[in-house]
Structures are given as structure tokens and as C-alpha cells.
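With the hints as your guide, set chain E onto chain U.
Sequence order for the protein chains is U and E.
For the first sequence, the residue numbers in the working numbering are 50 to 396.
For the second sequence, the residue numbers in the working numbering are 18 to 318.
Just so you know, these hints were derived from the structure itself, not from any lab.
A hint or two may mislead.
Derived BS3-like pairs: lysine-lysine, alpha-carbon spacing no greater than 30 Å straight-line [as the list claims (entries may be wrong)]: (1) E/K247 / U/K107; (2) E/K192 / U/K226; (3) E/K192 / U/K107; (4) E/K252 / U/K226; (5) U/K285 / E/K252; (6) E/K79 / U/K275; (7) U/K275 / E/K192.
Predicted model only: the values in this text are computed from it and were never measured.
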Amino acid sequence: MNPYVLTTLILSLGLGTTLTFASSHWLLAWMGLEINTMAIIPLMAQQHHPRATEATTKYFLTQATAAAMILFASTMNAWTMGDWNINQISHPLATTTVTLALALKIGLAPMHFWLPEVLQGLSLTTGLVLSTWQKLAPFALILQISQNTNPALLTTLGVMSALVGGWGGLNQTQLRKLLAYSSIAHLGWMIIILQFMPALTLLNLTIYITMTSTMFLSLKIMASTKINSLALAWPKTPTLTTLIMLSLLSLGGLPPLTGFMPKWLILQELTKQDLPITATIMAMSALLSLFFYLRLCYTTTLTTFPNTNNTTSPWRLKSTQITLPLTITIILTLMLLPITPAITTMF
Amino acid sequence: MALTSARLLTRTVHEKWICAHSLTLRPLVCINKAAFYGEYRRPGQAQDRTPPWKKIRFSFAKGVQGIRKHFGLLKDEAMERWVGPQGRPLIEHMLEQTRVQWEFRGPESLEQWLVSTDREIGGRSEAYLKLGRNDSACMLYGTLCSTPPRDGETCYSGYCTLRSRQLLSSFDRKKNIDWSSFNTLYIRLRGDGRPWMINIAAETYFSHQKDDLYNYFLYTRGGPYWQDVKIPFSKFFLSSRGRIQDNQHPLWLDKVSTIGFTLGDKADGPFQLEIDFIAVCNDRAHTEEFAYEMYKRNPEV
Numbered sequence: 050m051n052p053y054v055l056t057t058l059i060l061s062l063g064l065g066t067t068l069t070f071a072s073s074h075w076l077l078a079w080m081g082l083e084i085n086t087m088a089i090i091p092l093m094a095q096q097h098h099p100r101a102t103e104a105t106t107k108y109f110l111t112q113a114t115a116a117a118m119i120l121f122a123s124t125m126n127a128w129t130m131g132d133w134n135i136n137q138i139s140h141p142l143a144t145t146t147v148t149l150a151l152a153l154k155i156g157l158a159p160m161h162f163w164l165p166e167v168l169q170g171l172s173l174t175t176g177l178v179l180s181t182w183q184k185l186a187p188f189a190l191i192l193q194i195s196q197n198t199n200p201a202l203l204t205t206l207g208v209m210s211a212l213v214g215g216w217g218g219l220n221q222t223q224l225r226k227l228l229a230y231s232s233i234a235h236l237g238w239m240i241i242i243l244q245f246m247p248a249l250t251l252l253n254l255t256i257y258i259t260m261t262s263t264m265f266l267s268l269k270i271m272a273s274t275k276i277n278s279l280a281l282a283w284p285k286t287p288t289l290t291t292l293i294m295l296s297l298l299s300l301g302g303l304p305p306l307t308g309f310m311p312k313w314l315i316l317q318e319l320t321k322q323d324l325p326i327t328a329t330i331m332a333m334s335a336l337l338s339l340f341f342y343l344r345l346c347y348t349t350t351l352t353t354f355p356n357t358n359n360t361t362s363p364w365r366l367k368s369t370q371i372t373l374p375l376t377i378t379i380i381l382t383l384m385l386l387p388i389t390p391a392i393t394t395m396f
Numbered sequence: 018m019a020l021t022s023a024r025l026l027t028r029t030v031h032e033k034w035i036c037a038h039s040l041t042l043r044p045l046v047c048i049n050k051a052a053f054y055g056e057y058r059r060p061g062q063a064q065d066r067t068p069p070w071k072k073i074r075f076s077f078a079k080g081v082q083g084i085r086k087h088f089g090l091l092k093d094e095a096m097e098r099w100v101g102p103q104g105r106p107l108i109e110h111m112l113e114q115t116r117v118q119w120e121f122r123g124p125e126s127l128e129q130w131l132v133s134t135d136r137e138i139g140g141r142s143e144a145y146l147k148l149g150r151n152d153s154a155c156m157l158y159g160t161l162c163s164t165p166p167r168d169g170e171t172c173y174s175g176y177c178t179l180r181s182r183q184l185l186s187s188f189d190r191k192k193n194i195d196w197s198s199f200n201t202l203y204i205r206l207r208g209d210g211r212p213w214m215i216n217i218a219a220e221t222y223f224s225h226q227k228d229d230l231y232n233y234f235l236y237t238r239g240g241p242y243w244q245d246v247k248i249p250f251s252k253f254f255l256s257s258r259g260r261i262q263d264n265q266h267p268l269w270l271d272k273v274s275t276i277g278f279t280l281g282d283k284a285d286g287p288f289q290l291e292i293d294f295i296a297v298c299n300d301r302a303h304t305e306e307f308a309y310e311m312y313k314r315n316p317e318v
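This is chain U alone, in the form it adopts within the complex (with noise of 0.2 Å):
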């Protein structure tokens, strides 16, 4: 792609953010969402591959949706309060309606159709900008309207999506779809505290964003996008396949990992808002999660399979990618749980 041009997509992509992020106004905000979704097509759809603008037109209509339903439900609650504040959305239909659609961005179950094909159309990069980078907007919104939506769809969202994206991702073998159900699981978690401690919220979407970085990044340093491949990469790169298996599990959010920080936290959270049988559904589900997880752990690092590799020993020559992003997101995403305590009164 032109350099301008890539340029100028890039910091579209964060003008709408930012512009999302220091808005009061449900249009501005509204505007924000939609100049993120602009500036992401032509990112999708560089490769013209016939998957790659299927997954981009996929993209463009649910969010082209739910954008127009943000403005539906704005625009309603203006009409019938007189207000355009995002904190002020009071009218129930307005409030229920513009979760939905905050859902839909974001891809939470029962929403979540979309999801996973548009990840498996796309390059790594543009998938991990996908999972990372356009999330922060409707989230953003998500938490300021956090006061006013209905509790129990909130927790209805949650558990599903929890639910849903551990079956889903439960026979995967492309990792792009696995990753796409494991962004569903993760956003169920960040959604069914949010009524109760949106920090949390908050935490949860700052690691889940550092734990996905870093699976992206690393299966693109491999350049393994199928559950075969990523069994043949032991011998290319030894380290990072251990590290990977790390990931993993921090994804999976077994201690002493940092990904074991948000479940730990949500379900002490929840235990002390009176929810223990919520609390064990989200508990269980994420064994479904972490099911899919290991296995990734054991065909990737503790098993050795048959297959052989087109060569015998490959050349472990000098990579030229870029490694930096990828060694800070690893640390991160490993070695955060002893400082808990400092991470928590961050958010």
C-alpha cells in the first residue's frame, strides 16, 4: 500500500479512538465509531483476496448496524429526556438498545456470529488490530453507560458469551477462529462485572489486550495460522514455542500467570455481590476456555509429533521482524500477578 496512504488509515484509526474517547456527545462519539470503521476497510481488504473482502464486507455491515443503532438510540433517548450526554442515557428502551448495539461492535454472544469469519479473513496484523485496538472505543462508551443498563442483561450477555466462546472455539484447528472465541470468553468476563466494578472491566480489557498481542505477534513471527503449523514450529523457533505454551496459559488464566489476575478478581467480585451460582457458571466455562488452550500447549510444545518438516534442520537464521512489541508483551503477559496489589489501584 502507498506509504501516504497506509499513514494516513493508521492515524484515522486513531483519530476515531481518541475522538470516541473525548466525547460527551453521543454523535461525536458515534462519529468516532464510524471514522475507526472506515479507516480499518481498506486495511482489511489490501490482500483483494476473495475471503479478505468478504470478511471486510461482513465487517463493514455489522458495523455499519450497529453504528445506526447507536445513533437510533441516541437519538431517542434526545427526543424523549432532551439529552446527548453519554452518561445521561436514561430512557430504558434507548439504554437497552445501545448496549445491543455496543454489543454487536464488540462481539458479544448472542452477537457474535461475525466474528470469527472476519478474524479468519484477515491478515495477523489486521486481525490483531481488530481484536485490540477496536475494542477500545465501544468499550469506552460501554463503561460510561456501565450505571445505566439493565443488570440482567448485562449478566445474560456475559455468561453467554463466556458460554459460547469456550463451545466455540472447542474444535477449532484455525488459530485465528480459536482466537476469535477466545476474545467472545474474554469479553463475556469483562461484561458481567461491569455493573458492579467497571474498573475491573477496565483491567480485564488492559490485560486481555496484552495477552492477545501477544499470541498475534508471535504467531506472525511464525507465520502459523493452522493447528499443524504451529506443531511443525518447535524446531524454528524452541524459544518462542515455550513462551507461546506460557501465553497460553495465562490466556487460559491459570496462576501464576498474569491472565489468572482479571478471573480471580471478577470472581471474588462477583462472590461478594451475593452471585456465587454466576460466579461457578463463569468459573466453568472457563474450563471449556482453557480445554482448547491446552490442547493448543500440548500439540504446539509437550508433544513432539510425526510429521516431518519440509527440511530436516532449519537454517535459525537472524529474524528481520520486529521482536520488540512481542518481548514487552510477553513480560507482560507473564509476570504480572505478584504486583497485583499496584495494578489495582491503577484502574
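Below, chain E without anything else, positioned relative to chain U:
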């Protein structure tokens, strides 16, 4: 008399109003599906204007049978999730290096295939499918005739095709085949020396992609010996409605729908093709990703 002529005049005016507004009213009243989906209609054939409710053939027994069948399939799908991908343990998926996808070992195997010729557009070719000797292979045979139909529109004719049926899961949802562990198509066949074309259709979601096919040539050697054909998937090129596309892309193997064989070599006369099985395999020696140039044409300065 005056009353009759007044009624006639009114009716005529009313009819004239309907005719004048038919262009705007008709799309609102009845949606022309053929216009939306680009369905082929033979020249000279009248458009099917039967309203949808008249096409319903209600049968209670068939409905109950359908419910039983589809819920059974749904239950199987739910249960096979506990086993592994596509209902097999993951270890099988990981270690698989060959897979026979279609083989012809009994009459039920012929049910998975569709035969069609240019007879649908008014041509005179014929094609039939039957099981070979000892139920061990299928034979596609017939006669090709390239005389175009005399409808004033069609210029070319003379083809026949054998295509696998789209696999369906519960509630008639499309099911795709995952060939991502493989990189080569392997067919054991015996032809009559004619050149065929292999068409692989991948899953397409939007209507503008529905005619996208990935093609490659199949040159058969006539003779008593069976022929083992190995074609890497990297050799398949993209075409749409029979036209090879300028922008070429490799075939993505995670969602394959159907495979087909087409004969259209403009040689009138009988033809015959026997297929033993169609399989896929993983040739570790084949490292090519795509055989055709994907460079950017007309690069920006």
C-alpha cells in the same frame, strides 16, 4: 348502452393507470427473484410468475420425517463436538496425511453427484453416470454435441459436467470440507484421451462471488491403464462465470464446497471417464504456495 360504455371507459382508464405505474408498482408488489440472483432463463421461455404460496406442497408425513432427520443431525453435531474436529479426535487430524474424500463403491455413492449437460440450455449433448464393473468405480459417459441451440441468442454449446453435491448439515445449512492439512489433489481415473477441467468451488457468502471457481486442466490418457493424477492446489487458478480473472488468488482450503469435472473440448462424439476415487494428500516435497504471478500490475509511481 351509455352505462356500458362508461364502465368500459373507466376500466380502460384504470388499466391504463396500472400499465403506466407497473414499472413502479410491480417491484413493490412482487419481488422478481430472478433479477436479483441473475438466474438463467432459456431464451424464449416465459418467466415463472407463480406466486410463492402456490408452489407449496404441504405434506404432514414429510414434515415429521424432516423434523426427525434434522434434529437427529443437530444432535450428532452437538455430540461430535465432544470428540474433536469434524467428529474425529484431534490426533487424527494432526497425523492425517492422506484422505479419500469421494470413492465409488456402491449405488449410494452416485447419489452424491450431479450430472448436467447443455441440454438445459437447449443443446443436444448427453451424459450418464453409472457404476463400473464390480461396483469399484464410476463411469461418466455420453455424447458431446457442439451444435448450438437455435434460440437466436446462444452462440456456443457442447459441454457436460459432473459435480459433487453440496454437503448439508442440520436444517439444510451448507457444510464445507476442511482440506487445510493437505496440499495436493489425487485422483485415480481412466479417461479416453480427452482434456477435462477440474473445478473446485470454495465457500462463497455474497452473491457477487457465487460463480467463483478454481480450475485446472486434467489431461486423460486413453488406454487400459488407470491414471494417477496429482495436482497441487497451488496450480488452481481463479475464474468467475467461466472467465479467468486478472487478479489471481490461491485457493483457501479451509472451506471447500464442491468439486466438478467439465468436458467442453468442442470435439463432437462419445466420451467416457471412469473415476476410482478422489483423494487429497500432503506432499511434503511441494513447497510452492501459488503458481501464478500476484505482482501488482500498473504500480503507482
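Original post:
Does U/K275 pair with E/K192 here, judged by a C-alpha cut-off of 30 Å?
Top reply: holds (20 Å)
Original post:
Within 30 Å, alpha carbon to alpha carbon, are E/K192 and U/K107?
Top reply: holds (19 Å)
**OP:** Would you mind confirming whether the straight-line C-alpha gap from E/K247 to U/K107 stays at or under 30 Å?
**Re:** violated (36 Å)
Subject >> Hint consistency between E/K192 and U/K226 [alpha-carbon to alpha-carbon, up to 30 Å] >> reply: Since the Cα atoms of E/K192 and U/K226 sit roughly 17 Å apart, the hinted pair holds (cutoff 30 Å).
Original post:
Quick one, are E/K252 and U/K226 close enough, alpha carbons at most 30 Å?
Top reply: holds (27 Å)
**OP:** Verify the proposed pairing of U/K285 with E/K252, using a straight-line Cα cut of 30 Å.
**Re:** Within the cut-off at roughly 28 Å; holds.
Subject >> Straight-line alpha-carbon gap E/K79 to U/K275, limit 30 Å >> reply: violated (42 Å)
Consistency with the previously given hints fails for numbers 1, 6, ordered from lowest to highest.
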